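Student: In case you want the letters, here they are:
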Amino acid sequence: MTLVLTEAECETAGRDDAAGLALRVVAEAARLLGAERLIPIASAHIDGCLYHGDAGVAFAERLVAGGGRVAVPTTLNVGALDLLHPDRVRAAPARQAAARRQMAAYGALGCRPTWTCAPYQAGHRPAAGQDVAWGESNAVAFCNSVLGARTNRYGDLLDICCALAGRAPDCGLHRPENRRATLLIETEGLSAALKDSEVFYPVLGAWLGAEVGSAVPVITGLPSGLSEDRLKALGAAAASTGAVGLFHVAGVTPEAPSAEAALGGQAPERRIALTPEALRKARDRLSTSVAKTVDAVALGSPHFSYEEFGRLEAALKGREIRLPFYVCSGRHAVERLEAEGRLRPLEDAGVTLVTDTCVVVTPILPDDGGVLMTNSGKFAHYAPGTIGYGVVYGSLEDCVATAASGRVTRDEALWR
Amino acid sequence: MATARSSIQGEVLLPGSAEGEVLKLDRPISFWGGVDPESGRISDPRHPQHGESVAGRVLVIPETIGSSSGSAVMLELIARRLAPAALILGKPDAILVLGVVVAREMDHDDPPPVLLLPPAGQAALASGQACRVGPEGSIRV
Numbered sequence: 001m002t003l004v005l006t007e008a009e010c011e012t013a014g015r016d017d018a019a020g021l022a023l024r025v026v027a028e029a030a031r032l033l034g035a036e037r038l039i040p041i042a043s044a045h046i047d048g049c050l051y052h053g054d055a056g057v058a059f060a061e062r063l064v065a066g067g068g069r070v071a072v073p074t075t076l077n078v079g080a081l082d083l084l085h086p087d088r089v090r091a092a093p094a095r096q097a098a099a100r101r102q103m104a105a106y107g108a109l110g111c112r113p114t115w116t117c118a119p120y121q122a123g124h125r126p127a128a129g130q131d132v133a134w135g136e137s138n139a140v141a142f143c144n145s146v147l148g149a150r151t152n153r154y155g156d157l158l159d160i161c162c163a164l165a166g167r168a169p170d171c172g173l174h175r176p177e178n179r180r181a182t183l184l185i186e187t188e189g190l191s192a193a194l195k196d197s198e199v200f201y202p203v204l205g206a207w208l209g210a211e212v213g214s215a216v217p218v219i220t221g222l223p224s225g226l227s228e229d230r231l232k233a234l235g236a237a238a239a240s241t242g243a244v245g246l247f248h249v250a251g252v253t254p255e256a257p258s259a260e261a262a263l264g265g266q267a268p269e270r271r272i273a274l275t276p277e278a279l280r281k282a283r284d285r286l287s288t289s290v291a292k293t294v295d296a297v298a299l300g301s302p303h304f305s306y307e308e309f310g311r312l313e314a315a316l317k318g319r320e321i322r323l324p325f326y327v328c329s330g331r332h333a334v335e336r337l338e339a340e341g342r343l344r345p346l347e348d349a350g351v352t353l354v355t356d357t358c359v360v361v362t363p364i365l366p367d368d369g370g371v372l373m374t375n376s377g378k379f380a381h382y383a384p385g386t387i388g389y390g391v392v393y394g395s396l397e398d399c400v401a402t403a404a405s406g407r408v409t410r411d412e413a414l415w416r
Numbered sequence: 001m002a003t004a005r006s007s008i009q010g011e012v013l014l015p016g017s018a019e020g021e022v023l024k025l026d027r028p029i030s031f032w033g034g035v036d037p038e039s040g041r042i043s044d045p046r047h048p049q050h051g052e053s054v055a056g057r058v059l060v061i062p063e064t065i066g067s068s069s070g071s072a073v074m075l076e077l078i079a080r081r082l083a084p085a086a087l088i089l090g091k092p093d094a095i096l097v098l099g100v101v102v103a104r105e106m107d108h109d110d111p112p113p114v115l116l117l118p119p120a121g122q123a124a125l126a127s128g129q130a131c132r133v134g135p136e137g138s139i140r141v
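Each protein sequence line maps, in turn, to chains A and B.
Residue 71 in the numbering used here sits at position 71 of the first sequence; the count goes up by one each step and never skips.
Residue 68 in the numbering used here sits at position 68 of the second sequence; the count goes up by one each step and never skips.
The hints are simulated quantities; they were obtained by calculation from the structure and are not laboratory data.
Here the structure is a predicted model, which means the values were calculated and not measured.
We put the beta carbon where it would ideally sit given N, CA and C, even for glycine.
Pairwise CB distance ranges, derived in the manner of DEER restraints:
1) GLU11(A) / ASP110(B): 28 to 36 Å
2) HIS50(B) / ARG322(A): 26 to 34 Å
3) GLN9(B) / GLU36(A): 19 to 27 Å
4) ARG27(B) / ALA127(A): 36 to 44 Å
5) PRO118(B) / GLU36(A): 17 to 25 Å
6) GLU412(A) / HIS50(B): 27 to 35 Å
7) ARG37(A) / ASP109(B): 32 to 40 Å
8) LYS91(B) / GLY341(A): 47 to 55 Å
9) PRO135(B) / GLU228(A): 44 to 52 Å
10) LEU83(A) / GLU136(B): 44 to 52 Å
11) GLY66(A) / PRO135(B): 25 to 33 Å
Could you build the full structure based on these sequences and the hints that come with them?
Tutor: Laid out in C-alpha cells, this is it:
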C-alpha cells in the first residue's frame with residue numbers, strides 16, 4: 001500500500017509554515033499506519049495542551065509562529081493548570097509559567113478553551129458516521145463507541161496536526177470494516193444488582209482493557225438504557241488498562257442494535273464469558289493499597305458530569321467531610337451548578353473543586369505521595385505512576401463514607 | 001561491538017542506526033503515566049520492570065497501551081536525551097512513533113530509529129543483550 005496525496009496536499013506539505021509541518025506529520029502518520037490517502041475531518045479534540053515538558057511548548061509555539069490555525073471546530077482537553085482556581089496546583093512557578101504558555105499557544109491556534117476530558121458532555125458531539133480526529137483515550141473511546149463518530153486514537157502532536165490540516169489518515173477505525181466487533185464478551189453470568197450499580201462499570205472497563213488490548217469487543221447482557229456516565233466510566237477504564245478505542249454494547253450503543261449486527265454477521269474470533277471471579281480480580285487490581293485510612297479522595301475522571309454532581313449531593317446529604325476531597329470537572333458542568341446556586345453548598349461541605357485540569361496530571365493532592373481513594377478506574381490506574389499515590393478503589397458512596405468517617409469504608413456486598 | 005551472533009531483519013518505519021542494550025518490555029506500557037519524562041525510568045509500580053531506565057536502550061515493545069499522551073512523553077525524552085536508542089515495535093503505532101516524527105521535524109538530536117518486528121521475530125531478543133540496529137533494519141545481537 002502506498003500513500004497517495006492530492007496535488008493540493010503535496011503543495012501544502014512543501015510549505016515552510018505551520019500548515020506545511022502539520023500536513024507532513026499527518027502524511028507521515030498515514031504512511032506509518034499504511035493508509036492510502038487522507039480524508040477530511042469534521043472536528044478535532046486535542047489532548048496535546050497538557051504540559052509534559054518544554055519540548056511540547058516549543059512545538060506548540062512553532063505552530064503559532066508559523067501562522068497555524070485549526071481548519072475544523074476543535075475543543076481542548078485538560079491543561080496542567082486550573083485557570084479558574086490558580087492556587088490549586090502546587091507546581092513550581094517556572095513549570096506553571098511553561099504550562100500556561102502551552103495552554104495559551106493552543107488557544108492561539110483557534111481551539112476552543114473547553115479544558116475538559118469529557119468534551120462529549122460539553123456540547124462537542126459529532127454525528128454518527130462522521131470522521132473526526134480526537135485525542136485523549138477516554139474521549140476517543142466515547143466518541144467511537146457511544147456517539148458512533150469515527151476516530152482513531154490520535155496522540156498528542158498528531159491531534160493538533162490533523163486539526164490544522166483538516167485531514168486524517170484513512171485507516172483503522174475510520175474504515176467501517178475495522179469497526180466490526182471480533183470478540184464477544186458475555187456478562188450474563190453476573191448479577192443484575194452488580195450491573196445496576198455505578199461501581200461495576202469502571203471495573204468492567206478495567207477488566208475489558210486488560211483482556212482485549214486494542215481489539216473491538218461487543219458486550220452482551222448489560223441493561224438497555226445504560227446511562228452515558230456509565231458508558232463513559234467503562235470506556236475510560238478500558239482505554240487505560242488497554243488500548244480500547246471502540247467497544248460495542250449490544251442493544252445500547254449505535255453500531256450494536258444486536259451482538260450479531262456488531263459482529264457483522266460473522267462468528268467472533270473469541271467468546272469470553274465474564275465470571276464474577278475474573279471481575280473481582282479486576283476490582284482488586286484497581287487498588288494498590290490495603291491501608292485502613294487514606295490521605296485524600298478524588299472523583300471525576302473523566303470529568304464529573306452535571307448528573308454526577310447530583311449523585312454526589314445525594315451521597316453527601318447530612319455528612320461532613322474530614323479528608324481532602326477533590327472533584328474534577330469542566331466548566332460546562334461547573335457553570336451550570338453555579339448558576340443554580342449548588343456550588344457553594346458543595347464547597348461548604350468540604351468539596352474542593354478542580355476545573356480545567358485534574359489531580360493525576362498535575363500536582364494538586366497534598367504532599368508527594370500517600371493513599372488516594374477514588375471511584376474512577378482511570379484515576380486508579382494512573383495515580384500510582386503519575387503522582388506516586390497508592391490507590392483504594394470504591395464507589396462514589398464508599399468514597400463519601402470514607403471521607404466522612406476517616407476510615408476506609410467499602411460496601412463489599414455486591415462483590416461476594 | 002563484539003562479533004554479532006545473530007541478525008534479524010525488521011521493517012524500517014523511521015530510519016537510523018543505533019547501539020544499546022536490549023530492554024524488552026514484559027508487559028505493555030502506557031508511556032504517559034508509565035515512563036517518567038524527567039528520568040526516563042519506568043514509573044508505573046504495577047509494571048514488572050518498574051524502575052528500569054529506557055534511556056539509551058534498544059526498547060522492544062510487543063504492544064503499546066493506554067494514554068494518547070505517549071507521543072508527548074516520547075518527544076520530551078528525545079529532547080532531554082533520555083530516549084531509547086531505538087524502538088522495535090510489534091505492531092505499527094501512531095502514538096509513540098509520532099513523538100519521533102515530530103522530534104525530527106523540530107530538529108532534535110538523535111531521534112531513535114523505529115523498526116517493526118512482529119512478536120515471532122521479537123522472541124529472539126532478550127533484555128540485557130547488546131544490540132546494534134542498522135540503517136536498513138538489521139537487528140544484531
